[in-house]
Amino acid sequence: MNATRPAEILRQLEQPGATDAELLAHFATTKDAAAFELLVRRHGALVLGVCRRVTRNAQDAEDAFQATFLVLAQKAHSLRNAALLGNWLYGVAFRVAWRARRSAARRSTREVTMSNLPDYPAPAQLGAMPELAPILDEELAALAECYREAIVLCDLRGASREEAATALGIPEGTLSSRLANGRKKLAARLTKRGIALSVAILPVAVSEMQAATVLPNELLTKTCGLIADYSVGGAVRGPLAKLAKGGLTVRQTLVFGLVTVAVVTGAVFAARPGDAPPDAPPKPPVVAEKPEPVPQPKVEPKLNDNAFTTEPKMQRSFDLYVSDPTLPMWNVTGTHLAVSGSESVGPAEAKKTRAIVWLLGVSPNAKRMDADPSAAANLIAVAPDGTGVVTDLREYNLISGHHSLDFWGARPPGGFVGVSAMRPADLVTKRTVELDPKETHGYAFASDWKTYRTVAYHRDIAGSITKLEVVEADATTGKLGKSFLKFDPVKYTLSPNGTRLAVFDEGETKVTIFDVDRGVKISDYPLPTDKSKRVRPGPGYNRSHIVFSQDGKRLLVSWGIGRSKVLETDTGKALPDLEGAATGDLLSGMSTFTGDGRLLAAVCQTYKATTRQADDRRNSEDWVPGMVVLVVWDTQTGKALKTWPASKAKLAFCPTKPLLAILEPHGSETRVGFWDFTAEEGKK
Numbered sequence: 001m002n003a004t005r006p007a008e009i010l011r012q013l014e015q016p017g018a019t020d021a022e023l024l025a026h027f028a029t030t031k032d033a034a035a036f037e038l039l040v041r042r043h044g045a046l047v048l049g050v051c052r053r054v055t056r057n058a059q060d061a062e063d064a065f066q067a068t069f070l071v072l073a074q075k076a077h078s079l080r081n082a083a084l085l086g087n088w089l090y091g092v093a094f095r096v097a098w099r100a101r102r103s104a105a106r107r108s109t110r111e112v113t114m115s116n117l118p119d120y121p122a123p124a125q126l127g128a129m130p131e132l133a134p135i136l137d138e139e140l141a142a143l144a145e146c147y148r149e150a151i152v153l154c155d156l157r158g159a160s161r162e163e164a165a166t167a168l169g170i171p172e173g174t175l176s177s178r179l180a181n182g183r184k185k186l187a188a189r190l191t192k193r194g195i196a197l198s199v200a201i202l203p204v205a206v207s208e209m210q211a212a213t214v215l216p217n218e219l220l221t222k223t224c225g226l227i228a229d230y231s232v233g234g235a236v237r238g239p240l241a242k243l244a245k246g247g248l249t250v251r252q253t254l255v256f257g258l259v260t261v262a263v264v265t266g267a268v269f270a271a272r273p274g275d276a277p278p279d280a281p282p283k284p285p286v287v288a289e290k291p292e293p294v295p296q297p298k299v300e301p302k303l304n305d306n307a308f309t310t311e312p313k314m315q316r317s318f319d320l321y322v323s324d325p326t327l328p329m330w331n332v333t334g335t336h337l338a339v340s341g342s343e344s345v346g347p348a349e350a351k352k353t354r355a356i357v358w359l360l361g362v363s364p365n366a367k368r369m370d371a372d373p374s375a376a377a378n379l380i381a382v383a384p385d386g387t388g389v390v391t392d393l394r395e396y397n398l399i400s401g402h403h404s405l406d407f408w409g410a411r412p413p414g415g416f417v418g419v420s421a422m423r424p425a426d427l428v429t430k431r432t433v434e435l436d437p438k439e440t441h442g443y444a445f446a447s448d449w450k451t452y453r454t455v456a457y458h459r460d461i462a463g464s465i466t467k468l469e470v471v472e473a474d475a476t477t478g479k480l481g482k483s484f485l486k487f488d489p490v491k492y493t494l495s496p497n498g499t500r501l502a503v504f505d506e507g508e509t510k511v512t513i514f515d516v517d518r519g520v521k522i523s524d525y526p527l528p529t530d531k532s533k534r535v536r537p538g539p540g541y542n543r544s545h546i547v548f549s550q551d552g553k554r555l556l557v558s559w560g561i562g563r564s565k566v567l568e569t570d571t572g573k574a575l576p577d578l579e580g581a582a583t584g585d586l587l588s589g590m591s592t593f594t595g596d597g598r599l600l601a602a603v604c605q606t607y608k609a610t611t612r613q614a615d616d617r618r619n620s621e622d623w624v625p626g627m628v629v630l631v632v633w634d635t636q637t638g639k640a641l642k643t644w645p646a647s648k649a650k651l652a653f654c655p656t657k658p659l660l661a662i663l664e665p666h667g668s669e670t671r672v673g674f675w676d677f678t679a680e681e682g683k684k
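Numbering (the UniProt record's numbering), first residue to last: 1 to 684.
Worth flagging that the hints you see were computed from the coordinates, not collected in a lab. Some hints here could point you the wrong way.
Below are the SDA-like pairs computed for lysine to any residue, each with C-alpha atoms no more than 25 Å apart in a straight line [claimed, not checked]: (1) 450 with 484; (2) 75 with 383; (3) 521 with 433; (4) 430 with 487; (5) 245 with 515; (6) 510 with 487; (7) 31 with 325; (8) 565 with 580; (9) 450 with 526; (10) 486 with 510; (11) 242 with 221; (12) 450 with 512; (13) 222 with 480; (14) 479 with 509; (15) 430 with 486; (16) 245 with 198; (17) 467 with 448; (18) 486 with 563; (19) 438 with 479; (20) 75 with 190; (21) 573 with 145; (22) 491 with 512; (23) 438 with 459; (24) 657 with 317; (25) 31 with 313; (26) 608 with 573; (27) 438 with 510; (28) 510 with 480; (29) 482 with 510; (30) 31 with 318; (31) 482 with 525.
Distance ranges between label pairs, derived from CB positions [unchecked claim]: (32) 158 with 233: 16 to 26 Å; (33) 214 with 311: 49 to 59 Å; (34) 486 with 218: 17 to 27 Å; (35) 59 with 522: 32 to 42 Å.
Just so you know, even glycine gets a beta-carbon here, dropped at the ideal spot from N, CA and C.
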């Protein structure tokens with residue numbers, strides 16, 4: 001641990017306003033014990049509560065508690081959404097605690113007899129309803145993820161609805177709907193287990209139960225000491241290391257299935273009578289070295305609330321002095337939109353064209369900054385707080401080419417200027433990072449902006465691509481580092497958060513989806529090979545392409561007229577067909593998801609079927625280009641919510657709300673409009 005650090009850093013960390021993301025990023029970089037201790041203090045009671053409820057044993061709960069934070073220390077550098085750290089820790093703690101409980105059950109199988117059964121230690125501080133504690137987390141785990149996240153945030157962690165909605169990246173009205181529906185479903189599940197609680201009383205009971213959990217100073221000190229030793233290369237005792245290894249499989253967001261107790265044999269029920277169902281009598285002990293797990297209960301489907309409208313409202317619009325814009329780009333918090341393009345400057349007889357970036361706020365008092373990067377630079381990212389942008393310069397076509405990242409920030413004294421003002425270069429370069437000259441494509445930045453994932457190209461002496469490789473790069477030095485997986489040179493796409501990779505096979509007969517962190521395949525989707533639709537290619541005719549949602553959970557696959565599917569990446573299963581897409585071809589580079597993948601917007605070339613007489617005097621069906629339209633779909637139902645004629649539109653969905661930014665040419669300028677698809681009832 002770094003014991004000697006500037007006093008200013010210590011004071012900043014000790015401020016209540018320091019976010020989880022800041023503390024976690026600081027710990028990942030410096031291994032600072034003080035930063036980690038603050039995280040343990042913030043989330044320790046939540047973690048200890050679930051560990052006590054699941055293990056029902058004081059010592060096992062403490063072991064699970066320490067193993068959970070050991071997992072956090074091991075994953076500190078790679079967590080992609082630290083804003084939901086508490087929910088992530090809840091999921092890890094649940095899994096680790098079940099692992100500890102199973103281990104204790106196996107030990108009991110070998111150690112106890114029917115005539116000498118130990119009493120199940122009563123967990124301390126379970127609150128006003130001790131009968132709720134043993135089953136609460138099991139039933140929470142069986143809920144759909146969207147409901148579980150809302151309940152954990154609001155009822156277990158005590159976040160306000162505004163705070164929870166911000167953390168989840170959804171409108172507050174949608175959060176309220178999920179919370180109400182989730183509580184109803186949880187109350188119904190608890191009733192089946194013999195605990196009847198009204199929907200009004202349930203959150204109070206859950207909050208009181210969690211509030212009764214107090215983190216002992218001794219456990220806090222022991223846990224932080226464990227992490228300090230681990231950070232400097234110290235050994236972790238075997239049982240904790242084993243528990244932590246089981247927790248590493250938990251994903252970065254709160255995605256965990258109900259891991260029911262792996263004890264169906266009578267030995268375990270006899271050793272731990274509290275594990276048996278309420279109305280099931282104990283069974284005689286039977287030694288079993290490999291107890292079979294109980295089948296997992298069927299998890300309820302994800303939320304299907306009516307949170308979107310077919311009559312979106314335009315929040316506001318701008319005319320920008322920019323032509324030929326690239327695709328617009330949001331920051332991860334959805335507060336600012338960057339638009340990059342070109343601008344003519346100078347007198348009419350000697351006009352020059354420069355590259356320019358406009359950074360727009362979407363709040364009612366929207367402001368903008370503009371930058372003047374090199375004409376060869378590309379906009380690749382927007383700062384999370386909306387105060388700057390990142391551009392890259394890659395000159396692969398030159399032997400002496402330059403390769404760099406430029407980080408742009410506000411010109412002192414800082415701040416935005418009004419949209420109507422035309423002061424140039426309100427953004428200035430804050431720093432430049434020289435990049436590894438190896439050819440790479442794409443940027444999936446981590447939440448702390450210290451690293452990004454990209455795809456490196458390997459070429460032979462003739463210049464042909466021989467292999468592609470997903471690697472991690474240091475954004476502060478430009479050096480390439482950890483390799484995740486290698487794949488053949490085929491058409492691919494990396495998810496915006498860098499956690500998923502999708503590739504076509506060589507003949508484009510299937511799409512394969514990989515988990516980048518583990519470097520393994522998780523699903524396949526075979527593409528139908530029907531070639532009955534003959535096409536007269538028009539200017540908008542498209543070839544196959546694949547597009548991820550922001551969170552990597554959904555994938556658009558498009559491979560021709562009437563051949564577009566949205567997939568669940570974890571399973572490879574197709575969602576309902578997109579309404580009206582049977583005669584359309586979604587254009588490459590013109591598709592965008594909301595952050596959770598629920599809405600999809602795409603520019604679509606429509607086709608009309610025509611019949612003509614072929615040379616052999618038989619009729620033949622051809623498809624000829626029709627209108628180009630912009631369509632917004634609800635991917636969960638396949639319903640088309642809105643369609644506009646749009647031959648030259650460029651678009652990007654906000655990552656945190658159903659707000660669609662649309663760019664259109666407007667004379668010599670570009671019109672930017674923001675369209676809100678939140679239903680009226682979802683705004684209340």
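Sort out whether residue 525 lies within 25 Å of residue 482, counting only the CA atoms. violated (28 Å)
Is the straight-line distance between the alpha-carbon of residue 510 and that of residue 487 25 Å or less? Holds, at about 15 Å.
Hint consistency between residue 510 and residue 480 [alpha-carbon to alpha-carbon, up to 25 Å]: violated (31 Å)
Measure nothing beyond the straight line between the CA atoms of residue 657 and residue 317; if it is 25 Å or shorter, mark the hint as holding. holds (17 Å)
Going straight from one Cα to the other, do residue 438 and residue 510 come out at no more than 25 Å? Not OK: residue 438 and residue 510 at ~30 Å, beyond 25 Å, violated.
Under the criterion that the straight-line Cα-Cα distance not exceed 25 Å, is the pair residue 573, residue 145 satisfied? Roughly 18 Å separates the two Cα atoms, so the pair holds.
Please verify whether residue 242 and residue 221 have alpha carbons no more than 25 Å apart. This hinted pair holds, its Cα atoms lying about 21 Å apart.
Can the restraint linking residue 31 and residue 318 be considered satisfied, given a maximum Cα separation of 25 Å? Roughly 46 Å separates the two Cα atoms, so the pair is violated.
Can you confirm whether the C-alpha distance between residue 438 and residue 479 stays at or below 25 Å? holds (10 Å)
Kindly confirm whether 16 to 26 Å is satisfied by the beta carbon distance between residue 158 and residue 233. At 37 Å between Cβs, range violated.
Can you confirm whether the C-alpha distance between residue 31 and residue 325 stays at or below 25 Å? violated (43 Å)
Given hint residue 510 paired with residue 486 - CA-CA distance at most 25 Å: Distance of about 18 Å is within 25 Å: holds.
Violation of the numbered hints given earlier is confined to hints 3, 4, 7, 9, 12, 13, 14, 15, 16, 17, 18, 20, 25, 26, 27, 28, 29, 30, 31, 32 and 34; the remaining hints are satisfied by the structure.
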